[in-house]
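Peer 1: Heads up: the protein sequence lines correspond to chains S and U, in order.
Residue numbering for the first sequence follows the working numbering, starting at 1 and increasing by one per position.
Residue numbering for the second sequence follows the working numbering, starting at 1 and increasing by one per position.
Treat the hints with care, as some may be off.
Covered stretches of chain S (chain U as the covering partner; in silico rule of three or more C-beta atoms under 8 angstroms from a C-beta of chain U) [what the hints assert, rightly or not]: (1) 17 to 28; (2) 36 to 45; (3) 49 to 59; (4) 64 to 72; (5) 133 to 146.
Each pair of labels, with its calculated beta carbon distance range [claimed, not checked]: (6) Pro154(U) x Gly102(S): 39 to 47 angstroms; (7) Gly102(S) x Asn64(U): 47 to 55 angstroms; (8) His70(S) x Phe144(U): 28 to 36 angstroms.
It should be emphasised that the hints constitute simulated quantities derived from the structure, not laboratory data.
Note that the structure is predicted; figures quoted are calculated from it, not measured.
Note that CB positions come from ideal geometry on N, CA and C, so glycine has one too.
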Amino acid sequence: MSYVSIILSVNGEAYPLEIEPHRTLLEVLREELALTGTKTNCLRGECGACTVLIDSQTFNACLYLAVRAHGKQVTTIEGLSQAGSLHPVQEAFIREDAVQCGYCTPGMILSAKALLDHNPSPGDEEILRAMAGNLCRCTGYANIRRAIRAAIEGLERQS
Amino acid sequence: MIRFEYHAPHSLDEAMDLLVHSGDGARLLAGGTALLVDMNEGITQAEHLISLSEVPDLNQVRQNGGWKIGAMVTLSTIEDRAEFLNGAMTALVEATRVLAGRQIRNLGTLGGNICHASPGADMVPPLLCLDAELHLVSPDGERFIELKEFLVGPDQTAIRAGEILTEVRIPRPPPRSGSTFLKVMRRQALDCSIVSVGAMVTLAKDHETCAAARIAIGAAAPVPFRAEEAESLLVGQPCDEAIVQAAAERAVSAAQPITDVRASAEYRRLLVKGLVGRAVSQAWRRAKAQSEEVPA
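Construct all of the structure, not just a fragment, from the sequences and the given hints.
Peer 2: Printed below as a string of structure tokens:
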């Protein structure tokens with residue numbers, strides 16, 4: 001099978017790559033770029049552990065062929081902090097103890113960030129709908145919800 | 001994952017050419033949320049994947065009295081389209097909200113949901129309520145087919161070798177109408193329907209009498225289907241509990257549910273009755289609320 005040349009833009013850096021077309025963005029991020037913050041789990045789009053942002057929207061990297069990301073801006077959990085400061089959603093997850101085993105955390109944080117970028121003051125129903133594609137196997141949803149609420153309140157105070 | 005050659009044509013002509021010349025081992029790739037999983041798990045084989053993501057126009061939504069929704073329009077595009085959250089179109093938006101999770105809806109497409117032809121495809125009941133028609137092209141020309149004729153069995157459609165679905169056409173939604181989509185699943189996201197129901201009610205100019213009704217049921221027969229006898233019980237009637245219940249009971253007799261991992265056939269029959277009753281009542285209430293807002 002033939003290789004394809006792509007340029008993958010991840011967290012603001014451009015990576016020229018030669019890849020086979022069957023490789024998913026999840027595999028390429030973890031195995032070629034050593035960005036292991038994006039987690040491998042169900043491999044069928046049912047858990048959200050591999051959630052990344054592509055042009056500001058959430059996607060399951062396990063179902064996204066890397067060739068399709070050519071020319072698009074990919075953001076992983078490693079790209080969220082700015083100049084050494086964590087993103088407000090990351091801060092809120094730490095403060096509210098929204099992390100148990102941590103496996104779902106990168107995906108949860110990226111789904112929450114995408115929601116808040118789109119709507120800084122979402123209602124409860126909108127939060128639940130935006131987060132419904134991310135499973136927490138520790139069932140720590142109460143603290144996750146509290147952290148997202150806290151991040152929203154923090155952002156509202158700033159503005 | 002199983003290996004394949006990847007093609008990303010930049011025109012419909014190029015896509016048709018690739019599809020015809022790649023033979024039996026070729027599959028069209030829309031969002032890939034079902035196809036890539038099926039390939040990964042050995043359920044589907046393909047030597048060539050022809051992605052439609054670079055074909056222009058397939059991701060466009062156009063208004064022409066009714067709506068023309070490109071086959072590659074994502075489910076989240078429909079979810080976010082505020083003007084769809086209105087009257088007869090409401091059910092279409094409500095179906096997206098309970099389909100998988102947001103990540104899947106950002107990738108999955110309307111055309112993919114139709115062509116995958118799952119008996120429980122969530123977008124199909126609302127589209128059946130809207131009398132949707134499909135536009136197909138092939139090197140031999142183009143044709144239109146009603147959605148209800150297109151779905152012929154579980155995982156089976158009337159698509160011919162070499163054909164590509166380009167567009168879903170929705171006729172002008174009727175005024176004084178309300179609609180809804182209800183779905184029962186074991187959790188409130190990331191799960192397939194046990195049973196789903198789309199319903200639409202259009203009121204006559206007296207704002208009371210039902211002028212037209214649509215009841216479409218998913219996951220309770222080999223294909224999503226319209227319960228036309230149940231619909232006809234409603235037409236010409238004012239809304240009351242007895243007529244809604246009679247329609248719900250008639251809908252059950254049209255269902256052919258199976259027992260599978262999600263539920264028994266008997267439970268599905270109970271759900272059809274309950275969901276049809278609730279969906280018709282809600283669609284009727286919404287039609288009334290809407291027709292009171294906009295005078296006839």
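Peer 1: Look at each hint and say if it fits the structure.
Peer 2: We went through each hint and held it up to the structure:
no., hint, result
1, 17 to 28, "holds (count 5)"
2, 36 to 45, "holds (count 3)"
3, 49 to 59, "holds (count 4)"
4, 64 to 72, "holds (count 4)"
5, 133 to 146, "holds (count 3)"
6, Pro154(U) x Gly102(S): 39 to 47 angstroms, "holds, 40 angstroms"
7, Gly102(S) x Asn64(U): 47 to 55 angstroms, "holds, 51 angstroms"
8, His70(S) x Phe144(U): 28 to 36 angstroms, "holds, 35 angstroms"
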